[in-house]
Amino acid sequence: MSESIINEQEEAIKVDYEKGNFSFPEDYTYDAGTGLSEETVAYISKVKNEDEWIKEFRLKALEIFNKKPMPTHWASKDLENIIFENIRYYLSKGQKPSRTWDEVPDDVKETFERLGIPEQERKFLAGVEAQFDSEAAYSRMKEDLEKEGVIFVGSSEGLEKYPEIFRPYFGKVIPSADNKFSALNSAVFSGGSFIYVPKGVKLKQPLQAYFRINAENFGQFERTLIIADEGAEITYMEGCTAPKFETATLHSAVVELVALKNAKIQYITVQNWSNNVFNLVTKRAHAEENAEVKWIDCNIGSRLTMKYPGVVLKGRKARGEVLSIALANDGQHQDTGAKMIHLADETTSNIISKSISIGKGRSTYRGQVHMPKHLKNCKNNTECDALLINTNSRTDTYPAITTRGEGNTVQHEASVSKVSAEQIFYMMQRGLSEGEAMSLAVNGFVNDLLKAFPMEYSVELKRLIDMEMEGSVG
Amino acid sequence: MQSLEITNLNVSIGGQPILKDFSLNIPKGEIHALMGPNGTGKSTLAKVIAGHEDYEVTSGEILLNGESILGDEPDEISLAGLFLAFQYPLEIPGVSIANFIRAAKQARLPENESINAVEYYKELYDKMDALKIDRKFTARSLNEGFSGGEKKRCEVLQMSMLEPEYCLMDETDSGLDIDALRIVADGVNLMRSPERGFLIITHYQRLLDYIVPDVVHVMYDGKIVHSGDAELAKELETKGYDWVKDSFVSSTAQ
Numbered sequence: 000m001s002e003s004i005i006n007e008q009e010e011a012i013k014v015d016y017e018k019g020n021f022s023f024p025e026d027y028t029y030d031a032g033t034g035l036s037e038e039t040v041a042y043i044s045k046v047k048n049e050d051e052w053i054k055e056f057r058l059k060a061l062e063i064f065n066k067k068p069m070p071t072h073w074a075s076k077d078l079e080n081i082i083f084e085n086i087r088y089y090l091s092k093g094q095k096p097s098r099t100w101d102e103v104p105d106d107v108k109e110t111f112e113r114l115g116i117p118e119q120e121r122k123f124l125a126g127v128e129a130q131f132d133s134e135a136a137y138s139r140m141k142e143d144l145e146k147e148g149v150i151f152v153g154s155s156e157g158l159e160k161y162p163e164i165f166r167p168y169f170g171k172v173i174p175s176a177d178n179k180f181s182a183l184n185s186a187v188f189s190g191g192s193f194i195y196v197p198k199g200v201k202l203k204q205p206l207q208a209y210f211r212i213n214a215e216n217f218g219q220f221e222r223t224l225i226i227a228d229e230g231a232e233i234t235y236m237e238g239c240t241a242p243k244f245e246t247a248t249l250h251s252a253v254v255e256l257v258a259l260k261n262a263k264i265q266y267i268t269v270q271n272w273s274n275n276v277f278n279l280v281t282k283r284a285h286a287e288e289n290a291e292v293k294w295i296d297c298n299i300g301s302r303l304t305m306k307y308p309g310v311v312l313k314g315r316k317a318r319g320e321v322l323s324i325a326l327a328n329d330g331q332h333q334d335t336g337a338k339m340i341h342l343a344d345e346t347t348s349n350i351i352s353k354s355i356s357i358g359k360g361r362s363t364y365r366g367q368v369h370m371p372k373h374l375k376n377c378k379n380n381t382e383c384d385a386l387l388i389n390t391n392s393r394t395d396t397y398p399a400i401t402t403r404g405e406g407n408t409v410q411h412e413a414s415v416s417k418v419s420a421e422q423i424f425y426m427m428q429r430g431l432s433e434g435e436a437m438s439l440a441v442n443g444f445v446n447d448l449l450k451a452f453p454m455e456y457s458v459e460l461k462r463l464i465d466m467e468m469e470g471s472v473g
Numbered sequence: 000m001q002s003l004e005i006t007n008l009n010v011s012i013g014g015q016p017i018l019k020d021f022s023l024n025i026p027k028g029e030i031h032a033l034m035g036p037n038g039t040g041k042s043t044l045a046k047v048i049a050g051h052e053d054y055e056v057t058s059g060e061i062l063l064n065g066e067s068i069l070g071d072e073p074d075e076i077s078l079a080g081l082f083l084a085f086q087y088p089l090e091i092p093g094v095s096i097a098n099f100i101r102a103a104k105q106a107r108l109p110e111n112e113s114i115n116a117v118e119y120y121k122e123l124y125d126k127m128d129a130l131k132i133d134r135k136f137t138a139r140s141l142n143e144g145f146s147g148g149e150k151k152r153c154e155v156l157q158m159s160m161l162e163p164e165y166c167l168m169d170e171t172d173s174g175l176d177i178d179a180l181r182i183v184a185d186g187v188n189l190m191r192s193p194e195r196g197f198l199i200i201t202h203y204q205r206l207l208d209y210i211v212p213d214v215v216h217v218m219y220d221g222k223i224v225h226s227g228d229a230e231l232a233k234e235l236e237t238k239g240y241d242w243v244k245d246s247f248v249s250s251t252a253q
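Protein chains in written order, with numbering that gives the first Met the number 0: chain A, 0 to 473; chain B, 0 to 253.
Here chain A stands alone, though its shape is the one from the complex (with noise of 0.2 Å):
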């Protein structure tokens, strides 16, 4: 592709994140206040005016999350900081999501214009979710899809009026008791994306959604459903910011998604938490035969971010892939990786890591691999590079990887390099300021793997990182 294309398209989706950092004054009308008990439950549940069956999941999953520890005796320590009694669970207008912009309340309409979100629209997109807080402000997909029976709503309205197509994979993939995490979110959720695509339908443009935190002390906890009919095709994205509060903030999605039969599924996230953000997400995929799933995933910012996307590969010639990038920047730990599940003969995987750690970031890749004995011509291939920049950072790889039966092939890789003072002052002598010199050093280090990633969402990210690099240089 031409030079010049990418520069328009820069021009484009110009999104700058440094405007991520704002707030307006709060100015709920529902609000769960402080802690979480059943009474939160009860209240949110009544707020969505929900279903007894959903009240009973969620006071049900509040059970198990009491009851699991702290997964600290493998995780980082780092969790313990988290205070649930001092978060607030829900918090939003009482609106409805618009279906035109005009409709948003203002202060809303304008956070995400500061964002770029309705430009992007126009731009290049199929449909748009912006979420606010705990609830979407902006719901609208194009009219041709509607006819064509694709579904994009929120996970209440999801469940409400189409409950014979969602319920029955509504905690399917990710069981509430999957992990302490998991079992939260199915207590306290609300918004995210409910989306189902039709037989055969193939969306031709991304639908994205936009997950904005506003509120300081907040918890956001957005599930989403994705379902895939037979040869159906989507590519979904996602976008995150928060303001940078004092204080730490929580996000703690769940992210299932079905392929059935022949579907494809890409799943994109480009996230840019501000630096207080718990970031604890369960994204995991079920592919029937034939299908494919690819979660692209790039962390960048969060004080912790613990994630590693999955796909169950359940029917014979599933294909699953994860092609992250995670970026530590100083007092960030970004705990990324992918699980990989063959359950079928000739399943494959392909998992592609790539982690950078600035001063004192550090980043951990935790794979997992399981294919059993019974299986045949199944693959694998994992590699993961980390690039150090300075000798304060930290990388760690833990891939466990089980793999037994015959004609079953894994491969893995795994490299460490450093960006090193010589290679910077050779850049500078020809003209680049410091960040520049690292910014272009962490581009070349990821460009192989931005070349897989469509080209909206690469632009994005390399503008993400450059900011990111000359913000790290003191």
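Hint data in this document are derived by calculation from the structure and do not stem from the laboratory. Honestly, I wouldn't trust all of these hints.
Said to hold, decoys possible - Calculated pairs, DMTMM-like style, for lysine to aspartate or glutamate (alpha carbon to alpha carbon, straight line, at most 20 Å):
id, chain 1, residue 1, chain 2, residue 2
1, B, K104, A, E433
2, A, K260, A, E229
3, A, K243, A, D26
4, A, K359, A, D395
5, A, K461, B, E110
6, A, K141, A, E156
7, A, K76, A, D395
8, B, K126, B, D178
9, B, K104, A, D465
10, B, K104, A, E469
11, A, K146, A, D228
12, A, K417, B, D53
13, A, K171, A, D228
14, B, K135, A, D447
15, B, K104, B, E118
16, A, K417, B, E143
17, B, K131, B, D176
18, A, K450, B, E143
19, A, K160, A, D50
20, A, K260, A, D344
21, B, K19, B, E52
22, A, K92, A, E156
23, A, K263, A, E232
24, A, K417, B, E90
25, B, K19, B, D53
26, A, K179, A, E79
27, B, K27, B, E194
Claimed, not checked - A short, non-exhaustive set of chain A residues, derived as facing chain B with CB atoms under 10 Å:
id, residue
28, S419
29, E421
30, Q422
31, I423
32, F424
33, M426
34, M427
35, G430
36, S432
37, A436
38, L439
39, A440
40, N442
Note that beta-carbon positions come from the ideal geometry of N, C-alpha and C, so glycine has one too.
We have chain A; now place chain B onto it with these hints.
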């Protein structure tokens, strides 16, 4: 003062003096060759001028067109008009030559101006043609897996694209076969201009068969001990560095 002027420069590394009252003046329009045995401080000089932070400058001055550049950041010195062709160019994986040079050109524009891609590629290809470099070359990652000759050609391409006022070339001829040497020399000769000064640091005379210098300096133990015209390089080639030591160093020491 349109010159690169170094006066009484003293530089040490780890307390060890490397450059001792080193002085040299390169006016625009001239090519100076700096020759001398290994370990005499030639590469140190190049890096200190370019602003490398590992060296301790204890006294002296470096003026670029009359303005001091001592203590400036390497990028500031670069933007002020000085280019250093490295003896050992660094590998930058994943960054193509075309994108790297483009970023360096962009750094020379005012903040709100952005480089014109069409014009940029035209200039790049014209210069590659002039240097007889295959156009596919610039898609490769900067210096990654390059042969010695390719690395030096890449340095000359960058130099020609950035159009500096002063070019320092640190042992650019080392490790080059005769064809590569000629390509590098052609590049320098193309850039030779009344508006540009060169300092060519070399151990051997052979590069100077292709780039005829205006002045040749012989460096020994941290300073220039003798200067002359292009003939001096040839004399040095025949007589060897021992001749320098015997004829100039001992006499200055007494």
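| When the hints from earlier in the document are held up against this structure, which numbers fail? | none
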